[in-house]
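Listed below, chain by chain, are the residues.
Protein chains: 2
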Amino acid sequence: MAFSERVIRLKSSLIREILAAAQRPEVMSFAGGLPSEAMLPTLDWEGLPPALGQYGMSEGEPALREVLAAEARALGVDCQASQVLVVSGSQQTLDLVAKLHIDKGTEILLEGPTYLAALQIFQLFGADCLSIPLEQDGPDLAQLRARLENHQPAFVYLIPTFQNPSAVRYSEAKREAVAALLDEFGVTLIEDEPYRELTYDGGSARPIVSRLRNSSWVYTGTLSKTLAPGLRVGYLIASPDLFPHLLKLKQSADLHTNRIGQWQALQWIGTEKYRQHLVQLRDFYRARRDAFQQALERHFGDLADWQVPQGGLFFWLTLKQPLDTRTLLAEALSRDVAFMPGEPFFAEPECNPGNLRLNFSHIAPERLDEGLQRLAAVIRHAQVAQAA
Amino acid sequence: MAFSERVIRLKSSLIREILAAAQRPEVMSFAGGLPSEAMLPTLDWEGLPPALGQYGMSEGEPALREVLAAEARALGVDCQASQVLVVSGSQQTLDLVAKLHIDKGTEILLEGPTYLAALQIFQLFGADCLSIPLEQDGPDLAQLRARLENHQPAFVYLIPTFQNPSAVRYSEAKREAVAALLDEFGVTLIEDEPYRELTYDGGSARPIVSRLRNSSWVYTGTLSKTLAPGLRVGYLIASPDLFPHLLKLKQSADLHTNRIGQWQALQWIGTEKYRQHLVQLRDFYRARRDAFQQALERHFGDLADWQVPQGGLFFWLTLKQPLDTRTLLAEALSRDVAFMPGEPFFAEPECNPGNLRLNFSHIAPERLDEGLQRLAAVIRHAQVAQAA
Chain A
3 MAFSERVIRL
13 KSSLIREILA
23 AAQRPEVMSF
33 AGGLPSEAML
43 PTLDWEGLPP
53 ALGQYGMSEG
63 EPALREVLAA
73 EARALGVDCQ
83 ASQVLVVSGS
93 QQTLDLVAKL
103 HIDKGTEILL
113 EGPTYLAALQ
123 IFQLFGADCL
133 SIPLEQDGPD
143 LAQLRARLEN
153 HQPAFVYLIP
163 TFQNPSAVRY
173 SEAKREAVAA
183 LLDEFGVTLI
193 EDEPYRELTY
203 DGGSARPIVS
213 RLRNSSWVYT
223 GTLSKTLAPG
233 LRVGYLIASP
243 DLFPHLLKLK
253 QSADLHTNRI
263 GQWQALQWIG
273 TEKYRQHLVQ
283 LRDFYRARRD
293 AFQQALERHF
303 GDLADWQVPQ
313 GGLFFWLTLK
323 QPLDTRTLLA
333 EALSRDVAFM
343 PGEPFFAEPE
353 CNPGNLRLNF
363 SHIAPERLDE
373 GLQRLAAVIR
383 HAQVAQAA
Chain B
3 MAFSERVIRL
13 KSSLIREILA
23 AAQRPEVMSF
33 AGGLPSEAML
43 PTLDWEGLPP
53 ALGQYGMSEG
63 EPALREVLAA
73 EARALGVDCQ
83 ASQVLVVSGS
93 QQTLDLVAKL
103 HIDKGTEILL
113 EGPTYLAALQ
123 IFQLFGADCL
133 SIPLEQDGPD
143 LAQLRARLEN
153 HQPAFVYLIP
163 TFQNPSAVRY
173 SEAKREAVAA
183 LLDEFGVTLI
193 EDEPYRELTY
203 DGGSARPIVS
213 RLRNSSWVYT
223 GTLSKTLAPG
233 LRVGYLIASP
243 DLFPHLLKLK
253 QSADLHTNRI
263 GQWQALQWIG
273 TEKYRQHLVQ
283 LRDFYRARRD
293 AFQQALERHF
303 GDLADWQVPQ
313 GGLFFWLTLK
323 QPLDTRTLLA
333 EALSRDVAFM
343 PGEPFFAEPE
353 CNPGNLRLNF
363 SHIAPERLDE
373 GLQRLAAVIR
383 HAQVAQAA
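Here the protein sequences come in this chain order: A and B.
Sequential numbering of the first sequence, starting at 3, is according to my numbering.
Sequential numbering of the second sequence, starting at 3, is according to my numbering.
The hints are simulated quantities; they were obtained by calculation from the structure and are not laboratory data.
Treat the hints with care, since some could be wrong.
Some chain A residues near chain B, calculated using beta-carbon distances under 7 Å [what the hints assert, rightly or not]:
1) 4
2) 36
3) 38
4) 56
5) 59
6) 102
Computed from a prediction, not measured in an experiment: that's the story for all the values here.
Backbone N, C-alpha and C fix where the C-beta goes; we use that ideal spot for every residue, glycine too.
Turn these sequences into a full structure, and let the hints steer you where they fit.
Written as structure tokens, this is what we have:
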């Protein structure tokens with residue numbers, strides 16, 4: 003049997019295995035990144051045109067592309083509908099970007115930590131992943147400059163707004179500085195923004211792509227965090243030099259995105275109904291975050307440091323006594339509690355021990371305290387064993 | 003700007019450009035492979051569970067996997083639901099198979115002619131595509147054996163039932179012989195069957211994968227030709243050694259297939275309603291095929307040879323005086339008629355001039371005669387010019 007070299011790089015997905023184990027109803031899971039079922043809006047299918055049963059355009063539905071472009075322009079991204087490509091969830095954008103840019107050994111630049119599934123697919127295509135450490139307000143600029151001076155990455159992949167896993171939101175100053183650096187070195191930016199709308203404490207900042215003067219760029223978003231992930235509708239907006247290639251890659255990947263999900267998306271985006279839904283969603287998640295913060299203070303105050311996330315779906319904890327958190331997983335699952343170890347979010351996991359990603363949106367509030375208490379006990383137990 | 007080597011292989015898609023030109027309402031198009039809009043069934047969305055808005059399993063919806071496995075077993079394919087992977091249209095199966103097997107320079111074996119979009123994506127990943135000539139009842143067995151003796155292809159890709167473009171259906175004898183040869187040489191089979199249900203003159207034959215004793219295999223099907231392509235729901239069934247790899251590749255490509263389309267598919271497959279729909283569909287396309295055959299006899303009797311297709315959506319014409327049919331396209335479009343040149347369906351287009359693929363399912367019957375008359379005139383004109 004002849005497999006590609008690529009498949010040898012296809013690691014067993016830790017997320018997959020954890021999520022599988024966390025399916026057991028008795029497990030209190032902080033592991034996933036699922037929206038709360040309680041906040042999935044009721045979808046009305048009346049009026050769906052029968053003609054949407056036919057094949058559609060690889061670009062996406064024209065009316066949807068128009069409203070997505072209008073929304074992006076409202077954020078400051080200078081673009082036209084002709085630059086919008088509707089994709090089968092924003093995971094597909096990562097697949098298309100990898101196909102466009104990555105050969106075996108291609109250098110790319112990522113945040114450390116970064117989105118696990120992005121790291122996995124870029125490595126699947128053979129990328130050599132270089133990291134820039136994240137600080138509270140964005141990347142370490144000196145290290146970013148050094149990387150750009152010493153390497154020629156095919157692209158930089160950034161998640162500047164409520165990053166998964168760290169919840170970091172770049173400051174205005176760092177957004178400007180990053181854009182200037184990318185322009186100076188002529189490096190393509192892939193800016194991933196699934197969490198922009200999940201903002202709980204006000205404040206906003208224009209996307210970095212809107213600040214670029216000459217670098218190529220892809221801006222990517224999704225409806226999965228705000229409307230319904232089961233629809234599998236995301237989108238990318240690309241600079242005109244990249245768009246035609248991404249379109250052909252989309253066509254060869256799956257011809258086009260499902261049209262019923264696109265139609266449903268069009269019923270929401272840009273409407274008053276959607277704005278109201280987002281307000282409710284933010285209120286709901288803000289309350290969950292605040293309750294989580296209180297429970298964390300009770301159980302983790304002596305164990306870890308963290309920032310209160312101003313958006314997104316995750317707390318990112320840094321243990322005061324670092325250890326490889328992957329070694330905690332079996333014990334945690336045996337006590338019916340699940341979490342995401344932090345190491346796999348780094349291109350060099352071995353060099354970055356001691357973080358945990360905890361999802362606050364999905365666990366039922368009445369199980370929260372018990373779940374965090376158990377998880378803290380697992381960590382305490384491991385630290386005692388390590389010290390012994 | 004740094005592109006992958008892959009993208010340099012990303013040819014401008016002839017199909018794409020033709021379909022774009024054929025969108026003009028005045029164009030009589032024989033080019034596409036679209037189902038007839040008149041035969042798209044009315045989709046009822048009542049009862050869609052709101053919980054399907056949530057993320058789903060990469061494997062697909064469990065109930066849908068069960069009915070797809072049952073349908074495949076009824077065709078003779080010995081399989082379980084655990085071997086079924088729901089994909090975003092069967093084009094995605096080609097993407098996953100390419101990722102699983104193809105590195106730059108990997109040899110694979112295809113029919114000549116073969117499905118254009120398969121050829122394109124395999125070449126995108128860098129495959130070295132070897133061909134086996136097709137005869138009326140399947141591949142040339144001597145050449146298949148010779149290819150297997152002299153090469154070690156990563157897989158053989160076959161479309162044994164009403165192939166696009168040639169409409170060939172393999173005989174029972176050739177199915178047996180192909181299976182025996184693949185077992186003898188231990189070569190993986192990718193069997194693509196989008197057209198199995200579009201059968202107009204009776205007769206059936208078990209899939210080749212059901213005849214294999216030890217080779218690995220992937221069997222791939224879709225709802226796009228019988229239900230509604232806009233749903234983007236297809237499936238693959240794989241031998242247990244391949245399945246886990248394909249599942250991980252699916253997850254990294256787009257997490258999972260949209261759940262609303264999967265739910266709709268589940269309302270149809272295996273039901274009496276679906277069986278009745280298929281009967282109506284076959285009656286409708288049979289009538290269109292018969293009318294097409296009569297019009298072809300009127301206008302192409304002296305120009306080309308062809309077999310009446312017993313299934314699928316296409317006539318495959320072979321010109322009595324071969325010429326590169328790609329050179330006819332501009333003239334045809336200027337006369338408001340579109341068709342698919344045959345050359346791009348071959349791994350070596352230059353060596354295979356003189357075929358046309360004509361879709362019979364989509365053109366309005368009242369425009370059929372005029373369209374074929376114009377197309378015949380374009381060919382006659384080119385042949386006169388060539389002879390001069």
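Each hint, compared with the structure:
| no. | hint | result |
| --- | --- | --- |
| 1 | 4 | holds (4 Å) |
| 2 | 36 | holds (6 Å) |
| 3 | 38 | violated (9 Å) |
| 4 | 56 | holds (6 Å) |
| 5 | 59 | violated (10 Å) |
| 6 | 102 | holds (6 Å) |
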